[in-house]
Amino acid sequence: GQNIDQPTEMTATEGAIVQINCTYQTSGFNGLFWYQQHAGEAPTFLSYNVLDGLEEKGRFSSFLSRSKGYSYLLLKELQMKDSASYLCAVPSTSGTYKYIFGTGTRLKVLA
Amino acid sequence: SQTIHQWPATLVQPVGSPLSLECTVEGTSNPNLYWYRQAAGRGLQLLFYSVGIGQISSEVPQNLSASRPQDRQFILSSKKLLLSDSGFYLCAWSVGIGGSPDTQYFGPGTRLTVL
Numbered sequence: 001g002q003n004i005d006q007p008t009e010m011t012a013t014e015g016a017i018v019q020i021n022c023t024y025q026t027s028g029f030n031g032l033f034w035y036q037q038h039a040g041e042a043p044t045f046l047s048y049n050v051l052d053g054l055e056e057k058g059r060f061s062s063f064l065s066r067s068k069g070y071s072y073l074l075l076k077e078l079q080m081k082d083s084a085s086y087l088c089a090v091p092s093t094s095g096t097y098k099y100i101f102g103t104g105t106r107l108k109v110l111a
Numbered sequence: 001s002q003t004i005h006q007w008p009a010t011l012v013q014p015v016g017s018p019l020s021l022e023c024t025v026e027g028t029s030n031p032n033l034y035w036y037r038q039a040a041g042r043g044l045q046l047l048f049y050s051v052g053i054g055q056i057s058s059e060v061p062q063n064l065s066a067s068r069p070q071d072r073q074f075i076l077s078s079k080k081l082l083l084s085d086s087g088f089y090l091c092a093w094s095v096g097i098g099g100s101p102d103t104q105y106f107g108p109g110t111r112l113t114v115l
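Line order of the protein sequences matches chains F and E. Per this note's numbering, the first sequence starts with residue 1, numbered consecutively. Per this note's numbering, the second sequence starts with residue 1, numbered consecutively.
Chain F on its own, in the form it takes in the complex (with noise of 0.2 angstroms):
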């Protein structure tokens, strides 16, 4: 079966760095994904990792391990509007174009 965990709630500081880990379980893999949410709002995509390292996008950065079945988010320079969830998706295996989500961490971001 597939499984993905994540941290249900974070918090930290406006100006400081977080890491926000997903670790999944899958047989087959084929690239991760990562999705922020605003509450009331829909998810946006983020950033998308296939192969290991790190994808660096402005503040945001994204990384992927897969013999660890591991990927973290991290947030640099946070900033109040980075408070949401944040989403790590996967696809399925049982089903072409299908995606497995994650229950989200929620990120606080405190000034």
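There may be inaccurate statements among the hints.
As the list claims (entries may be wrong) - A few chain E residues that don't get close to chain F, going by computed Cβ distances all over 10 angstroms: (1) Q13; (2) P18; (3) S20; (4) T28; (5) S57; (6) I75.
What the hints assert, rightly or not - In silico lysine to aspartate or glutamate, DMTMM-like type, Cα no more than 25 angstroms apart, as pairs: (7) F/K98 / E/E22; (8) F/K68 / F/E55; (9) F/K98 / E/E59; (10) F/K98 / E/D71; (11) F/K57 / E/D102; (12) F/K76 / F/E9; (13) F/K98 / F/D52; (14) F/K98 / E/E26; (15) F/K68 / F/E14; (16) F/K98 / E/D85; (17) F/K68 / F/D5; (18) F/K68 / E/D102.
Claimed, not checked - Computed list of chain F residues with no C-beta within reach of chain E, every gap over 12 angstroms: (19) I4; (20) A12; (21) N21; (22) F63; (23) Q79; (24) V109; (25) L110.
Hints in this document: simulated from the structure, not taken from any laboratory. Using N, Cα and C, we set each Cβ at its ideal position, and we do this for glycine too.
Dock chain E against the given chain F, drawing on the hints supplied.
Only chain E this time, still in chain F's reference frame:
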């Protein structure tokens, strides 16, 4: 550019009443289309997805159904709503074949409350 629309934005319905939520996508052809439900404080639960007109894959047995009458239109329906149908319903699209990565783009969502 592509845009995705969902309506209505909010809906309050009594138990046992019917439901129809609509989703349309503009600016792309033959997209994959998805319906998700997100209960309060929970993750995204895939309900249905479609890779073409008239083709629907159902993920969770329940009193909901989906239809895709046109290439860029996806409809979620129910004949009789249950209290447990309350939640945030999200429609999404992706490129599907040829999309790498196959990123999903979500509509604004419909918040459904069943009383």
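Now the hints, each set against the structure:
The beta carbon of E/Q13 sits about 19 angstroms from the closest Cβ of chain F, which is more than 10 angstroms, so the claim that it is off the interface holds. The Cβ of E/P18 sits about 25 angstroms from the closest Cβ of chain F, beyond the 10 angstroms cut-off, so the non-interface label holds. Against the 10 angstroms criterion, E/S20 stays outside the reach of chain F, whose nearest CB is about 20 angstroms from its own CB. With 10 angstroms as the threshold on Cβ separation, the claim that E/T28 sits away from chain F holds: the shortest Cβ distance comes to roughly 15 angstroms.
Not every CB of chain F lies more than 10 angstroms from the CB of E/S57, the least distance being 7 angstroms, so the non-interface label is violated. Even its closest Cβ contact with chain F, about 18 angstroms, leaves E/I75 beyond 10 angstroms, as expected for a residue assigned away from the interface. Among the hinted pairs, F/K98 with E/E22 is consistent with the structure: their alpha-carbon atoms are about 21 angstroms apart, no more than 25 angstroms. For the hint pairing F/K68 with F/E55, the CA-to-CA distance comes to about 17 angstroms; that is within 25 angstroms, so the pair holds.
With a CA separation close to 10 angstroms, the supplied pair F/K98 and E/E59 stays within the 25 angstroms bound. Using a Cα cut-off of 25 angstroms, the hinted pair F/K98 and E/D71 holds, with the two alpha carbons roughly 19 angstroms apart. For the proposed pair F/K57 and E/D102, the alpha carbon gap of about 19 angstroms is at most 25 angstroms, so the pair holds. A hinted pair counts as satisfied when its Cα atoms are at most 25 angstroms apart, and F/K76 with F/E9 qualifies at roughly 18 angstroms.
Simply put, F/K98 and F/D52 have alpha-carbon atoms about 22 angstroms apart, close enough for the 25 angstroms limit, and the pair holds. The straight-line distance between the Cα atoms of F/K98 and E/E26 is roughly 22 angstroms, inside the 25 angstroms bound, and the hint therefore holds. This hinted pair does not check out: F/K68 and F/E14 have alpha carbons roughly 31 angstroms apart, beyond 25 angstroms. Note on F/K98 and E/D85: the hinted pairing holds, with a Cα-Cα distance of about 22 angstroms set against a maximum of 25 angstroms.
With a CA separation close to 13 angstroms, the supplied pair F/K68 and F/D5 stays within the 25 angstroms bound. Our distance criterion of 25 angstroms between C-alpha atoms is met by F/K68 and E/D102, whose separation comes to about 23 angstroms. With a least beta-carbon separation of about 8 angstroms from chain E, F/I4 fails to lie farther than 12 angstroms from that chain, contradicting its non-interface assignment. At roughly 20 angstroms from the closest C-beta of chain E, the C-beta of F/A12 stays outside 12 angstroms, upholding its exclusion from the interface.
Under the 12 angstroms C-beta cut-off, the non-interface status given to F/N21 relative to chain E holds; the minimum distance is some 16 angstroms. Against the 12 angstroms criterion, F/F63 stays outside the reach of chain E, whose nearest CB is about 16 angstroms from its own CB. Every Cβ of chain E is farther than 12 angstroms from the Cβ of F/Q79; the closest lies at roughly 22 angstroms, confirming the non-interface assignment. The non-interface label for F/V109 is consistent with chain E: the shortest C-beta to C-beta separation is roughly 19 angstroms, beyond 12 angstroms.
Annotated as non-interface, F/L110 keeps its C-beta farther than 12 angstroms from every C-beta of chain E; the closest such distance is 20 angstroms.
Hint compliance for this structure: hints 5, 15, 19 are not met, and every other hint is.
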